[in-house]
Amino acid sequence: MIEMQDVWKTYPDGSHALRGVSVLIERNEFVYLVGPSGAGKSTFMKLIYREEVPTKGQISVNGFNIGKLKPRKIPYIRRNIGVVFQDFRLLPKMTVYENVAFAMEVIEAPKRMIRKRVMEVLELVGLKGKVNSLPAQLSGGEQQRVAIARAIVNNPAVIVADEPTGNLDPETSWGIMNLLEEINFRGATIVMATHNKEIVNTLRKRVIAIENGVIVRDEPRGEYGYEI
Amino acid sequence: MRFSTLLRHLREGSLSLARNGWMSFASISSIAISLFILGVFLLLSLNVNNLTKQLENQVQIRVFLDLEISQAKIEAIGRSIGALPEVSRIRFVPKAEGLEMLRRNLGEDGQGILDDYDDTNNPLPDTYTVEVVDPERIAEVAAKIQEIGDADPDKPIRSVRYGQGTVELLFRVTNAVRNIGLIIVLGLAFTATLLISNTIRLTIFARRREIGIMKLVGATNSFIRWPFFIEGALIGFIGSALTTALLLAAYNWLVQSLQVEFGLMMIRLVTVWESGLLVGGVLIGLGTAIGIFGSALSVRKHLKV
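In order, the protein sequences belong to chains V and A.
The opening residue of the first sequence carries number 1 in my numbering; numbering runs sequentially from there.
The opening residue of the second sequence carries number 1 in my numbering; numbering runs sequentially from there.
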């Protein structure tokens, strides 16, 4: 599903975010990306959803060589990748319903289909009763559920989550993890960057550890491996 | 684009106008104020143009005929002059009328000078008063009329006068006034464009996050642009329509209340009905265009990956 071959990423200021990363993530895998802050986790994620392009090396996602993609084609690739952030990134002036429907309007889905699918997804994330609320009226956990609903509404093959529980209390975090597991169970490949030791060590999945832009550890059903 | 998508863009464009209440208000006010100033100068320069045109149209050629020519010859000369394509109107002023006019012009003080003259010993020649289609080419036309006289062996035209020297000066002044007016209006239009597009740029900068999220969920650039276009067009249209309505209402009031005073000075202001279409067209057209281009340019900047 996601394949990187000797990927380097050097930012204009000369810092090497990634230095020769090669990895293969299969369809329907659930991967934790761990490592200290600034190790290259975010760059790793950004390369997957084509926010950044590699300085060197190749990345393919869902069979497309996305490093060589024409800018015009980028939106179509993104429709098959759902992205979730630590800070939710909802549109503050749109209701819960509008925030989720938005991702479907973008792909020009028929209105009736949007209605049906958005309600379906909001039910899955447990927010069917809050369709008309604004993000500011929701708790952090609820906002993250909206963001997840938006990420999965178009049935993407890949979900990229950059510290999705980073701003949430432990109990709420577990709710989000259950949701991600459910989405993974339904067929999506999930790559999740996290600093949450408890989650990684309890909900055992493949763990890829990055330090200084290099993969230092890649274990199936691994452990978090860092203190705190 | 699908029809439903177009509807979506229209709805989204007008909705975000409401969602971004204060920013929309700022943009609309900025458009309204800049265009109001432009509109005031536009009306001012329309009136100056109108006034100079009235002045120019008062410029006439006077053709003085020889004292000793026959009635038939007078009529023939009149026909020849009237046949020139550059001539818009020709009027025969018999010497009796000329004397009468001279008496009127001299007023009470001058009465005595002309007392000895009457129809039998009128010293004035018969004349033709000629108006031309294009006042700026008056010298040319005067020369042509002189040629008509010179071609005739009887030399029936004694002289052709059009206020040589004075007329040329008048045209230099009116042209200068018109050009200055045009420069001011163009300068203001340019300033208004800058001011408005800057405000729109700020509104869009405040929404770069929104654009970022749109890109993230896979919106194509044109899909992102459309609602902004529509919003920009609406902002431009609302701002300029408001300003046009206010400006024309105020101007109408001004024209009505100054009618008597200016009428006495023989000055006629351009009415709202004559200027409304032009002023409204320029302001609303410019406002809407700036709204669209302002947002198009600013969105473009944020769309770059």
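These aren't lab readings, by the way, just hints derived from the structure by calculation.
One should not assume that every hint holds.
[Claimed, not checked] Distance condition first, Cα-Cα at most 25 Å in a straight line; then the derived BS3-like pairs of lysine-lysine:
1) V/K70 to V/K93
2) V/K68 to A/K144
3) V/K73 to A/K301
4) A/K95 to A/K144
5) A/K144 to V/K93
6) V/K46 to A/K301
7) A/K95 to V/K70
8) V/K130 to V/K111
[Claimed, not checked] Each pair of labels, with its calculated beta carbon distance range:
9) A/L194 to V/D169: 48 to 56 Å
10) V/R115 to A/A206: 28 to 36 Å
11) A/F3 to V/G14: 24 to 32 Å
12) A/A206 to V/N212: 32 to 40 Å
13) V/D169 to A/A206: 38 to 46 Å
14) A/R178 to V/Y11: 23 to 31 Å
Glycine residues also receive a C-beta, built at the ideal position from the N, C-alpha and C atoms.
Here is what the structure says about each hint:
1. For the hint linking V/K70 to V/K93, the alpha-carbon distance of about 32 Å lies beyond 25 Å, and the restraint is violated.
2. Taking the CA atoms of V/K68 and A/K144, the gap is about 77 Å. The hint is violated against a cut of 25 Å.
3. Between the alpha carbons of V/K73 and A/K301 the distance comes to roughly 19 Å, so the proposed pair stays at or under 25 Å and holds.
4. Our distance criterion of 25 Å between C-alpha atoms is met by A/K95 and A/K144, whose separation comes to about 23 Å.
5. At most 25 Å may separate the alpha-carbon atoms for a hinted pair to count; A/K144 and V/K93 exceed this at roughly 75 Å.
6. Distance restraint check for V/K46 and A/K301: the Cα-Cα separation of roughly 21 Å lies within the 25 Å cut-off, and the hinted pair is therefore satisfied.
7. This hinted pair does not check out: A/K95 and V/K70 have alpha carbons roughly 88 Å apart, beyond 25 Å.
8. Using a Cα cut-off of 25 Å, the hinted pair V/K130 and V/K111 holds, with the two alpha carbons roughly 20 Å apart.
9. A C-beta distance of roughly 50 Å is found between A/L194 and V/D169, which places it inside the suggested range of 48 to 56 Å.
10. Take V/R115 and A/A206: their Cβ atoms lie about 30 Å apart, and the range 28 to 36 Å holds.
11. Restraint check, A/F3 to V/G14: a C-beta distance of roughly 51 Å breaks the suggested window 24 to 32 Å.
12. At roughly 37 Å, the beta-carbon separation of A/A206 and V/N212 lies within the given 32 to 40 Å, and the hint holds.
13. Judged by the Cβ atoms, the range 38 to 46 Å given for V/D169 and A/A206 is violated: they are separated by roughly 31 Å.
14. Separated by about 58 Å at the C-beta atoms, A/R178 and V/Y11 break the suggested range of 23 to 31 Å.
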